[in-house]
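Visitor: Sequence:
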Amino acid sequence: MAKLVGAGLVQVTPEAQRRRYRLDLTALRPPLAAPESELTRPLDESAKILRDFFDGERLTQIPAVRKKRVVVLRHLLERFEPERDYPEREVNDLLRPAHEDVATLRRELVDYGYLVRVRGIYRVAARLPERGPTVGQEAGSDEPHWFAELLAGATERALSKVAAPPPDTAFE
317 MAKLVGAGLV QVTPEAQRRR YRLDLTALRP PLAAPESELT RPLDESAKIL RDFFDGERLT
377 QIPAVRKKRV VVLRHLLERF EPERDYPERE VNDLLRPAHE DVATLRRELV DYGYLVRVRG
437 IYRVAARLPE RGPTVGQEAG SDEPHWFAEL LAGATERALS KVAAPPPDTA FE
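So the number in the working numbering is just where the residue sits in the sequence shown, counting from 1, plus 316.
Treat the hints with care, as some may be off.
[Claimed, not checked] Under the rule of at most 16 Å between Cα atoms (straight-line distance), these lysine to aspartate or glutamate pairs were calculated in the EDC-like manner:
(1) Lys384 / Asp368
(2) Lys383 / Asp458
(3) Lys383 / Asp360
(4) Lys383 / Glu465
(5) Lys383 / Asp368
(6) Lys384 / Asp458
(7) Lys384 / Glu361
(8) Lys384 / Asp360
(9) Lys384 / Glu459
(10) Lys383 / Glu454
(11) Lys384 / Glu424
(12) Lys383 / Asp427
(13) Lys383 / Glu361
[Unchecked claim] Quick list of the computed label-pair ranges, beta carbon to beta carbon:
(14) Gln327 / Glu373: 57 to 65 Å
(15) Ala442 / Lys383: 19 to 27 Å
(16) Leu341 / Ala464: 42 to 50 Å
(17) Glu331 / Pro449: 19 to 27 Å
(18) Glu394 / Ala323: 51 to 59 Å
(19) Arg405 / Ala468: 27 to 35 Å
(20) Leu444 / Asp371: 23 to 31 Å
(21) Asp371 / Asn408: 14 to 22 Å
(22) Asp360 / Glu446: 21 to 29 Å
(23) Lys383 / Arg335: 51 to 59 Å
(24) Arg443 / Ala380: 26 to 34 Å
(25) Gly452 / Arg423: 14 to 22 Å
(26) Asp427 / Ala323: 53 to 61 Å
(27) Glu446 / Glu394: 20 to 28 Å
If you are wondering where the hints come from, they were derived from the structure by calculation, not from laboratory data. As the structure is a computational prediction, the values presented were derived from the model and not from experiment. For each residue, glycine too, the CB sits at the ideal point set by N, CA and C.
All chains, full assembly: derive it from the sequences and hints.
Guide: This is the structure we're talking about:
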């Protein structure tokens with residue numbers, strides 16, 4: 317009995333001259349599945365949201381729920397190259413294949429700080445703005461990691477586009 321008590325399977329309650337033993341049923345239940353890591357959970361949720369709101373590359377509707385809207389905005393931001401300037405017309409041209417309401421999408425990208433607008437020229441933000449508690453909750457705890465990956469991926473794509481000189485080119 318001492319081993320069962322030591323293992324936490326049996327609870328002991330002393331009563332006057334005796335001891336009352338009670339089986340702890342919660343200790344006998346199978347363990348819950350391992351908790352998801354904080355990084356995989358947002359990826360799974362994001363994939364589901366994108367499946368729910370996109371038909372191919374077409375956005376079926378702009379989500380009303382802000383947290384879902386952020387996931388959609390992040391996906392749309394991948395159409396832009398960091399460190400490149402875009403006139404408003406080009407921004408609209410990149411967003412229009414996804415949804416006809418380009419003004420709302422453009423405004424939301426700016427409001428969340430993903431795009432920066434200066435005198436009608438747009439550019440992917442170099443860094444995320446400080447987030448208050450509400451917007452921080454909407455954007456999710458993985459936002460800094462996601463944004464760093466977005467910028468790093470854009471850099472890799474840009475470097476892969478740089479053509480190497482032909483092998484027979486002579487340099488002086």
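Visitor: With reference to the structure, classify each hint as holding or not holding.
Guide: Do the hints match the structure? See the list:
| no. | hint | in the structure |
| --- | --- | --- |
| 1 | Lys384 / Asp368 | 10 Å, holds |
| 2 | Lys383 / Asp458 | 13 Å, holds |
| 3 | Lys383 / Asp360 | 14 Å, holds |
| 4 | Lys383 / Glu465 | 20 Å, violated |
| 5 | Lys383 / Asp368 | 14 Å, holds |
| 6 | Lys384 / Asp458 | 14 Å, holds |
| 7 | Lys384 / Glu361 | 9 Å, holds |
| 8 | Lys384 / Asp360 | 13 Å, holds |
| 9 | Lys384 / Glu459 | 13 Å, holds |
| 10 | Lys383 / Glu454 | 4 Å, holds |
| 11 | Lys384 / Glu424 | 13 Å, holds |
| 12 | Lys383 / Asp427 | 14 Å, holds |
| 13 | Lys383 / Glu361 | 11 Å, holds |
| 14 | Gln327 / Glu373: 57 to 65 Å | 59 Å, holds |
| 15 | Ala442 / Lys383: 19 to 27 Å | 25 Å, holds |
| 16 | Leu341 / Ala464: 42 to 50 Å | 47 Å, holds |
| 17 | Glu331 / Pro449: 19 to 27 Å | 51 Å, violated |
| 18 | Glu394 / Ala323: 51 to 59 Å | 52 Å, holds |
| 19 | Arg405 / Ala468: 27 to 35 Å | 28 Å, holds |
| 20 | Leu444 / Asp371: 23 to 31 Å | 29 Å, holds |
| 21 | Asp371 / Asn408: 14 to 22 Å | 21 Å, holds |
| 22 | Asp360 / Glu446: 21 to 29 Å | 28 Å, holds |
| 23 | Lys383 / Arg335: 51 to 59 Å | 53 Å, holds |
| 24 | Arg443 / Ala380: 26 to 34 Å | 29 Å, holds |
| 25 | Gly452 / Arg423: 14 to 22 Å | 20 Å, holds |
| 26 | Asp427 / Ala323: 53 to 61 Å | 56 Å, holds |
| 27 | Glu446 / Glu394: 20 to 28 Å | 23 Å, holds |
Of the hints listed earlier, those the structure fails to meet are numbers 4 and 17, in rising order.
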